[in-house]
Amino acid sequence: MRPAAATVKNPAPILLPPTGAGSVLRRIYALVLRYTYLLRGSGVRLVELIYWPFLQMLTWGFLQKYLAGTTSPLAQAAGVLIGSVLLWDILFRSKIGFSTTFIEEMRSRNLGNLLTSPLRPYELVAALALWSIMRLGVSMVPVAIAAYFFFGFNLLDLGLPLMAFFALLVMTSWALGLVSAGVILRYGLGAEELAWSLAFLLLPLCCVYYPVSVLPGWLQVIALALPPTHVFEGMRAILLHGTFDTADLWWALALNIGYFTAGYALFSWFLHGAREKGTLIQLGE
Amino acid sequence: MDKRVSEASGRLLADVPVVARELTKSYGTVTAVDHISFRLEPGTTVALLGGNGAGKTTTIAMLLGLVTPTSGEVRVFGADMSRDRGLVAHRMNFQSPYVDLPMRLTVRQNLNVYARLYGVANTAERVAFVAEDLQLTPFLDRPTGKLSAGQKTRVGLAKALLNAPELLLLDEPTASLDPDTADWIRRKLKEYAETRDATILLASHNMAEVERLADRVILMEEGRIIEDASPGALIETYGKETLEDVFLDVVRKERRGTSDLAEKLP
Numbered sequence: 000m001r002p003a004a005a006t007v008k009n010p011a012p013i014l015l016p017p018t019g020a021g022s023v024l025r026r027i028y029a030l031v032l033r034y035t036y037l038l039r040g041s042g043v044r045l046v047e048l049i050y051w052p053f054l055q056m057l058t059w060g061f062l063q064k065y066l067a068g069t070t071s072p073l074a075q076a077a078g079v080l081i082g083s084v085l086l087w088d089i090l091f092r093s094k095i096g097f098s099t100t101f102i103e104e105m106r107s108r109n110l111g112n113l114l115t116s117p118l119r120p121y122e123l124v125a126a127l128a129l130w131s132i133m134r135l136g137v138s139m140v141p142v143a144i145a146a147y148f149f150f151g152f153n154l155l156d157l158g159l160p161l162m163a164f165f166a167l168l169v170m171t172s173w174a175l176g177l178v179s180a181g182v183i184l185r186y187g188l189g190a191e192e193l194a195w196s197l198a199f200l201l202l203p204l205c206c207v208y209y210p211v212s213v214l215p216g217w218l219q220v221i222a223l224a225l226p227p228t229h230v231f232e233g234m235r236a237i238l239l240h241g242t243f244d245t246a247d248l249w250w251a252l253a254l255n256i257g258y259f260t261a262g263y264a265l266f267s268w269f270l271h272g273a274r275e276k277g278t279l280i281q282l283g284e
Numbered sequence: 000m001d002k003r004v005s006e007a008s009g010r011l012l013a014d015v016p017v018v019a020r021e022l023t024k025s026y027g028t029v030t031a032v033d034h035i036s037f038r039l040e041p042g043t044t045v046a047l048l049g050g051n052g053a054g055k056t057t058t059i060a061m062l063l064g065l066v067t068p069t070s071g072e073v074r075v076f077g078a079d080m081s082r083d084r085g086l087v088a089h090r091m092n093f094q095s096p097y098v099d100l101p102m103r104l105t106v107r108q109n110l111n112v113y114a115r116l117y118g119v120a121n122t123a124e125r126v127a128f129v130a131e132d133l134q135l136t137p138f139l140d141r142p143t144g145k146l147s148a149g150q151k152t153r154v155g156l157a158k159a160l161l162n163a164p165e166l167l168l169l170d171e172p173t174a175s176l177d178p179d180t181a182d183w184i185r186r187k188l189k190e191y192a193e194t195r196d197a198t199i200l201l202a203s204h205n206m207a208e209v210e211r212l213a214d215r216v217i218l219m220e221e222g223r224i225i226e227d228a229s230p231g232a233l234i235e236t237y238g239k240e241t242l243e244d245v246f247l248d249v250v251r252k253e254r255r256g257t258s259d260l261a262e263k264l265p
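These protein sequences, in sequence, are chains L and W.
Mapping to numbering that gives the first Met the number 0: the first sequence position 176 is 175, numbers consecutive.
Mapping to numbering that gives the first Met the number 0: the second sequence position 174 is 173, numbers consecutive.
Think of the hints as simulated: they come from the structure by calculation, not from any bench.
Please note that a few of the clues may not be correct.
[Said to hold, decoys possible] List of simulated lysine to any residue pairs, SDA-like, C-alpha gap at most 20 Å:
1) L/K64 <-> L/F149
2) W/K145 <-> W/L176
3) L/K276 <-> W/S81
4) L/K276 <-> W/H34
5) L/K276 <-> W/E221
6) W/K189 <-> W/A207
Work out the full structure: start from the sequences and follow the hints.
Spelled out as structure tokens, the structure:
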């Protein structure tokens, strides 16, 4: 049926300046708003955010409880395994948050709209990064509280270093997220599996559940070149010996800056390639 | 060149919605767009016509900065779209069946997000107006994915009009609409172009639509511009009754490889 004529008075748009810090923040906010709408509208997504980390925490928490009854002094150290799993989940969930949100844009064939709007690519990246932290809050805070009630493990016992651990892990997750997003942009949704599997590559290498000394010498070199290794080593040092080497964390920060810069460069390169190859007008197909 | 002359021509260029010079896009050995040059004057509606694979969508994608030209340049309001897209993106907008708005978001949520992305300060007012104008008010709180194809097209158009763009790029704007609604949309577009003095570039296969809306037709074939004139002039030059007859005549002759088109040109 033919729609009737409009009756609302035509208000001309009041357009804000397209450049400057205010405009950058406004566009980042617009995208975060879009992701908030998406999460708010799906109870299943909300439950899923908490479901897997909660199961992980339970599994490793009970294992810790069982090992505590053995004679190994390492196994008896309170909370090492739960601490490991919670910190690993910060890295993993943040990475997944970044990548899947980007994939969502491609699946919904919305990327063409975004990239023709005044949004700059670095604003898209900033929005994805910010959203990954917000998702992490939704996902990890309830699980960390549950860990306290189920197993008496208080993540806050890690003290101030916890903030540094959190920041370093999230920064690594962004670097990984940028690589995944870039590859998906270049090779399409067929490469989606990479978004899920890339973080798992780090699982054995960054010594989540065991000390670096367990690895053969050559692999230790690779492990120590990964920022999360220093975080997990730091966490074990605090929980087992009550000590903490800040130099290690500075080193991890330097590595993270390098990885993040490389990740952003790779993403930009793939985006440039997508514009060259014309794949941005075929996304989602 | 005298500096003052150069500055003056720069200012003039900034007033021109689109200037494409020797624009070319090749994918390997395939040339999708082949050294085309054109200019869109303010307040005009120009139709980009051509069969499938003629290079219309690639041309629009280059104007939007979604595709990087292999050679040549595109300037939108004087800005080089390869480098300075951010300076002019808020003055343009587009709608295409090749992109969608997020289906899980409601119409209102989608329009809210895009109003903010385009820097519209009076978001609520504008969303209410474009929704009312395109008869979307009853669907504002419905998920976009639950709408019919025609309603989705109207939502896409609403998004494209949020910032009241000076340059509007449309790719098949009435493709999935029933004839009556399509006709209504055409009236809306004509009304918008006239009241806003906007420039519209329209890719379409619908000749009646083009005849009704366009002041000028750019006819493309195999990536090249083969005609650039008003619909009336083309009909007269080719001695046909409708633009569709002209289109069929030109495209079929091109396909047969005849080269007698030049003889028909004034």
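So, going through the hints one by one against the coordinates:
no.: 1; hint: L/K64 <-> L/F149; verdict: 11 Å, holds
no.: 2; hint: W/K145 <-> W/L176; verdict: 16 Å, holds
no.: 3; hint: L/K276 <-> W/S81; verdict: 14 Å, holds
no.: 4; hint: L/K276 <-> W/H34; verdict: 18 Å, holds
no.: 5; hint: L/K276 <-> W/E221; verdict: 18 Å, holds
no.: 6; hint: W/K189 <-> W/A207; verdict: 14 Å, holds
Checked against the numbered hints given earlier, this structure breaks none of them.
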